[in-house]
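Taken in order, these protein sequences are the chains called A, B and C.
Residue numbering for the first sequence follows numbering that gives the first Met the number 0, starting at 0 and increasing by one per position.
Residue numbering for the second sequence follows numbering that gives the first Met the number 0, starting at 0 and increasing by one per position.
Residue numbering for the third sequence follows numbering that gives the first Met the number 0, starting at 0 and increasing by one per position.
Treat the hints with care, as some may be off.
As the list claims (entries may be wrong) - Covered, in the sense of this in silico footprint (three residues per stretch, anywhere, with C-beta under 8 Å from a C-beta of chain B), are these stretches of chain C:
| no. | region |
| --- | --- |
| 1 | 73 to 79 |
| 2 | 110 to 122 |
| 3 | 126 to 134 |
These are calculated hints, taken from the structure and not from any lab test.
Think of the CB as a built atom: it goes at the ideal place given N, C-alpha and C, for glycine as much as any other residue.
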Amino acid sequence: MSFEQRLAELGLTLPTPPKPVATYVPFVQVGNLLFLSGVVPSRDGQIVYKGKLGRDVSKEEGYEASKLTLLNALANIRLAVDSLDRVKRVVKMTGYVASHEGFTEQPAVINGASDLLVEIFGDAGRHARVAVGVAELPLGVPVELELIVEVLPASS
Amino acid sequence: MSFEQRLAELGLTLPTPPKPVATYVPFVQVGNLLFLSGVVPSRDGQIVYKGKLGRDVSKEEGYEASKLTLLNALANIRLAVDSLDRVKRVVKMTGYVASHEGFTEQPAVINGASDLLVEIFGDAGRHARVAVGVAELPLGVPVELELIVEVLPASS
Amino acid sequence: MSFEQRLAELGLTLPTPPKPVATYVPFVQVGNLLFLSGVVPSRDGQIVYKGKLGRDVSKEEGYEASKLTLLNALANIRLAVDSLDRVKRVVKMTGYVASHEGFTEQPAVINGASDLLVEIFGDAGRHARVAVGVAELPLGVPVELELIVEVLPASS
Chain A
0 MSFEQRLAEL
10 GLTLPTPPKP
20 VATYVPFVQV
30 GNLLFLSGVV
40 PSRDGQIVYK
50 GKLGRDVSKE
60 EGYEASKLTL
70 LNALANIRLA
80 VDSLDRVKRV
90 VKMTGYVASH
100 EGFTEQPAVI
110 NGASDLLVEI
120 FGDAGRHARV
130 AVGVAELPLG
140 VPVELELIVE
150 VLPASS
Chain B
0 MSFEQRLAEL
10 GLTLPTPPKP
20 VATYVPFVQV
30 GNLLFLSGVV
40 PSRDGQIVYK
50 GKLGRDVSKE
60 EGYEASKLTL
70 LNALANIRLA
80 VDSLDRVKRV
90 VKMTGYVASH
100 EGFTEQPAVI
110 NGASDLLVEI
120 FGDAGRHARV
130 AVGVAELPLG
140 VPVELELIVE
150 VLPASS
Chain C
0 MSFEQRLAEL
10 GLTLPTPPKP
20 VATYVPFVQV
30 GNLLFLSGVV
40 PSRDGQIVYK
50 GKLGRDVSKE
60 EGYEASKLTL
70 LNALANIRLA
80 VDSLDRVKRV
90 VKMTGYVASH
100 EGFTEQPAVI
110 NGASDLLVEI
120 FGDAGRHARV
130 AVGVAELPLG
140 VPVELELIVE
150 VLPASS
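Please take these sequences and the hints and turn them into a complete structure.
Okay, structure coming up:
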């Protein structure tokens, strides 16, 4: 089954690729590596989750926010290479979690995105990962994700 | 017009490349990718901006700090490959903004660097970007930038 | 002298490679670049250092925590490519330091890892570096490190 089919089978639809609000772009490809801009938990331009873990947002909500954030990264991958089927391997994901004093379960939050990557891409979705707790994130979101993805050549 | 000429036309001069204060180096090149160390808003060894956004430093000052920080990254690129004209593409920039509780306009701060990249390099300056709000930065600076740049071979 | 011999000569033994506690993996290799997951100051599954710099953990303890954290990264490198002797160059290290309000000596903390890289790998250990102060880290650790390493082909 293709990754695009798998996404549909999971009942998931990707949001409209988020528009960068400044002089940067959603992705840059160098050779077979696709470097993606940071994405946040929005759907079609609207922020869906706001606040900090450990204060306003529960761990479970954070997990869901992390899944939605990942869908925005996937939307950018599709924008870059036309189809998720061009993903060869998810290389690295950095997960930034807006964390109130004392919240140290960043991994449980970022698991929302990690689990979904493996559900969609199987072994190709198994990635190196970094999860850290930051002070604040743009627009007050609880999660921001940054990915590096290895892609197949367009001809294959 | 070359990127070096464009820099001069904008009336900009690069600071002396900042000296790493420990056992690391300003850049490492692997193939055509140049990985740059984090840089801060200094000029010739002196920190120019201090404090946190949302408390000590205004958004406008943050924008200026971000521009100056970028000039230090450019100084390191020139140190690495002799001339900014060897830049093929700015691949990714991560912007860390020292953020007081409640400051969520990190993108507006990092725009200082993003806008300047595009002013100097045009389309080659359009980069993937991540902007996050951190608790503290080295030496109390408000902004730290990290870049990955694709460079042309020395012979071209 | 090989890097493995140098490690032994320094009296250092690597911890058991830390097990990712979720659906990610300790490393992903693309071409000659090895992207490593974030590691923390643990030994054989037990967290050794806890707390924040500037409050619970002194700069000197942070330096030691940073060294131990690096050993976990090295354990993952050995897991990935069988021997530290396959390291061609340490490309980039990002050091995240859990920082209490006002602590701005992140570089002094991350020096523990940087110094050890150069002790073991010599010039091949000289890396590009980023050091930032974050709000919180997983499991309450004071330091997390993320590395990108260039490796030699298996045949060499």
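How the hints compare with the structure:
Only residues whose C-beta sits within less than 8 Å of a C-beta in chain B count toward coverage, and the region 73 to 79 of chain C has 0 of them, not enough to reach three; the restraint is violated. Coverage of the region 110 to 122 of chain C by chain B holds. Counting CB-CB distances below 8 Å, 5 residues qualify, and the rule asks for three or more. Remark: the region 126 to 134 of chain C is confirmed as covered by chain B, as 9 of its residues place a Cβ nearer than 8 Å to a Cβ of that chain, reaching the required three.
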